[in-house]
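Protein chains in written order, with our numbering: chain A, 1 to 282; chain R, 1 to 275.
No wet-lab data here; the hints were simulated from the structure. Remember, predicted model here, so these are calculated numbers, not experimental data. One or more of the hints may lead you astray.
Over the 10 Å line for every Cβ pair with chain R, so calculated as not near, a few chain A residues [said to hold, decoys possible]:
1) Thr48
2) Val57
3) Glu107
4) Ala180
5) Gly226
6) Tyr248
In silico lysine to aspartate or glutamate, EDC-like type, Cα no more than 20 Å apart, as pairs [claimed, not checked]:
7) Lys265/R / Glu170/A
8) Lys171/A / Glu233/R
9) Lys129/R / Glu244/A
10) Lys7/R / Asp103/A
11) Lys235/R / Asp127/A
Virtual Cβ for every residue (Gly too), placed ideally from N, Cα, C.
Listed below are the residues making up each chain.
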Amino acid sequence: MNRTMKLNRKKSRNVIPGFGLSMGVTVTMLSLIVLIPLFSVLLTLTNTTFQEFWSVVTDSQTVATYKVSLTCAAIAAVVNVFFGILLAWVLTRYEFPLRRMLDGLIELPFALPTAVAGIALTTLYSDQGWIGALFSKIGVKISYTKIGIVIAMIFIGIPFVVRSIQPVLEKLDPQYEEAAMALGASRSRIFFKVVFPEILPAALTGFGLAFARSIGEYGSVVFIAGNIPYKTQITPLIIMSKLEQFNYTAATSIALVMVVFAFILLFGINILQAWINKMARG
Amino acid sequence: MKQKIVKWALIGLGALFVLIMLILPLATVLVYALRQGWETFSEAILDEYAIKALNLTLFTTVITVIVNTVFGIFAAWSIAKFRFRGKQILTTLIDIPFSISPIIAGLVFILVFGRIGWAYPLLELWNIKVVFAVPGIVLATIFVTFPFVSRELIPLMQAQGSDEEEAAALMGAGGFRIFRKVTLPNIKWGLLYGIILCTARSLGEFGAVSVVSGHLRGKTDTLPLHVEILFNEFKLTSAFAVSSILVLIAIIILILRNIVEYRVKKRGGVNDYVR
């Protein structure tokens with residue numbers, strides 16, 4: 001058995017043609033479009049001393065943008081996990097009119113250009129907007145504040161969470177829930193003791209993806225943020241303003257911090273994903 | 001009875017969230033676009049600069065989709081049909097653009113081709129402009145959408161295995177013939193799905209393009225950048241009128257996406273194998 005598998009493996013390597021060509025095209029295009037340009041970030045910073053780099057990335061205004069980006073993205077991701085679980089549950093467990101349409105609408109943030117989403121959210125939540133007007137009556141401003149940033153990040157992140165949890169809920173065997181019900185557990189108890197542990201890894205993945213996307217997001221956040229230093233300036237925006245001042249070293253230094261952070265996040269998500277796959281198989 | 005209340009309360013809460021977060025922004029675009037009547041609307045979308053911006057956006061999208069489809073097919077072919085060392089690393093590297101802020105995607109091309117870039121002397125020699133010109137916009141858009149097609153194809157082709165291709169190869173078919181006659185019919189819906197995703201993102205890309213464009217009106221303004229300019233000039237109605245073109249395209253893409261996703265599932269595509 002083991003031997004035939006080995007033979008098969010060897011055969012499959014030899015029989016299908018085109019390895020050299022396809023590998024060559026893949027690596028060349030990847031290098032030209034992604035890897036070499038990305039490497040320029042490090043190349044540009046070779047002319048910079050570590051002290052210069054450090055003073056730029058720990059400058060008080062820059063640090064303030066990290067805080068705004070991280071806290072808003074975290075709050076938005078928590079809200080998205082809550083509504084993501086709720087929507088995934090509703091879409092997989094219940095039959096109701098317009099269910100398919102609701103399901104399709106979840107993808108809207110992927111399809112709608114971010115700039116359009118940005119100006120629509122800004123207008124909707126400004127003092128004259130449909131929702132903003134309601135809140136301004138009780139003295140709450142949404143557009144051009146941190147709340148606005150959170151709203152835009154919720155918009156951009158929700159599909160990640162719903163689409164991470166939905167497949168897990170769909171394949172979850174209902175017999176465990178039935179068994180728990182037969183044993184007399186209440187519905188909320190069943191959810192928290194039986195269903196929730198099953199979807200927790202997927203929810204964490206969704207959280208990570210939504211969080212990562214929110215930190216990097218520009219188009220949908222830039223309009224509603226208002227770009228006030230120390231208050232509503234997010235990290236991508238400070239990179240943009242450094243670029244507009246032709247301060248390339250500063251822009252690149254802050255970009256490097258973001259790239260490293262994104263890689264760490266991606267690494268964490270991948271480990272989580274591998275763990276989920278192992279759990280699902282085992 | 002109590003179960004029913006819980007069910008409808010949850011559906012209501014979910015629907016309310018979707019209404020406030022997703023439907024109302026969409027409605028805002030359409031209502032504001034038409035609030036000053038049809039004439040202002042058509043004036044805004046038939047404006048000379050709007051049409052030029054639309055053309056540039058379509059041009060960029062077509063090139064991006066072609067490049068990324070070619071890459072996606074070759075990458076999926078090498079990753080799904082062969083065994084080699086470092087496959088996991090290659091897959092991770094392809095996914096990099098997903099995890100990088102669009103602003104940084106634009107920045108890297110300034111660092112290569114801009115005035116301070118290492119390739120700038122070469123470009124000057126041949127008198128080519130990349131940054132603050134159309135090539136830069138196209139490159140930045142390709143970067144941002146780079147993994148879209150390959151990401152759909154790789155799991156699909158891996159799940160289908162390579163028995164059919166091996167049989168065809170043993171009967172003497174060449175690589176391109178095997179792809180066209182054996183592989184392509186099996187992956188066509190997945191491929192179309194990837195192309196739709198890639199198109200949607202290219203049409204709407206804003207951050208990366210905004211860094212490399214330089215905002216030259218009528219020359220390097222894409223449709224999303226044109227929307228930004230109008231909005232910042234407080235021409236709300238025009239901004240939303242132009243946006244409504246993009247919304248219309250987004251809705252069509254969303255519907256196409258749902259149809260294709262349904263076909264992919266029905267044919268035993270990615271999702272069925274994962275589940």
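Problem set entry | Minimum Cβ-Cβ distance from Tyr248/A to chain R exceeds 10 Å | Violated: least Cβ distance 5 Å, not greater than 10 Å.
For this session: Test the statement that Val57/A is away from the interface with chain R: the closest C-beta pair must be farther apart than 10 Å.
Result: holds, 14 Å
For this session: Just double-check Ala180/A for me: nearest Cβ-Cβ distance to chain R has to come out over 10 Å.
Result: The claim stands: Ala180/A keeps its Cβ more than 10 Å from every Cβ of chain R (closest is about 15 Å).
For this session: Please work out if Lys235/R and Asp127/A have their alpha carbons no farther apart than 20 Å.
Result: holds, 17 Å
Exercise. Was Thr48/A rightly flagged as not at the interface, with every chain R Cβ beyond 10 Å?
Worked result: For Thr48/A, whose nearest Cβ neighbour in chain R is about 12 Å away, the distance exceeds 10 Å, so it holds.
For this session: Given the hint that Lys7/R pairs with Asp103/A, test it: the Cα-Cα distance must not exceed 20 Å.
Result: holds, 17 Å
Exercise. Is it true that the CA of Lys265/R sits at most 20 Å from the CA of Glu170/A?
Worked result: This hinted pair holds, its Cα atoms lying about 14 Å apart.
For this session: Over 10 Å to the closest beta carbon of chain R is the bar; see if Glu107/A clears it.
Result: Answer for Glu107/A: violated, closest chain R Cβ roughly 6 Å.
For this session: For the pair we were handed, Lys129/R and Glu244/A, check the Cα-Cα distance against 20 Å.
Result: Roughly 19 Å separates the two Cα atoms, so the pair holds.
Exercise. For Gly226/A, is the shortest beta carbon distance to chain R beyond 10 Å?
Worked result: holds, 12 Å
Problem set entry | Restraint check for Lys171/A with Glu233/R, where alpha carbons must lie at most 20 Å apart | Between Lys171/A and Glu233/R the Cα gap is close to 51 Å, so the pair fails against 20 Å, i.e. violated.
Going through the hint list in order, the structure does not satisfy hints 3, 6 and 8.
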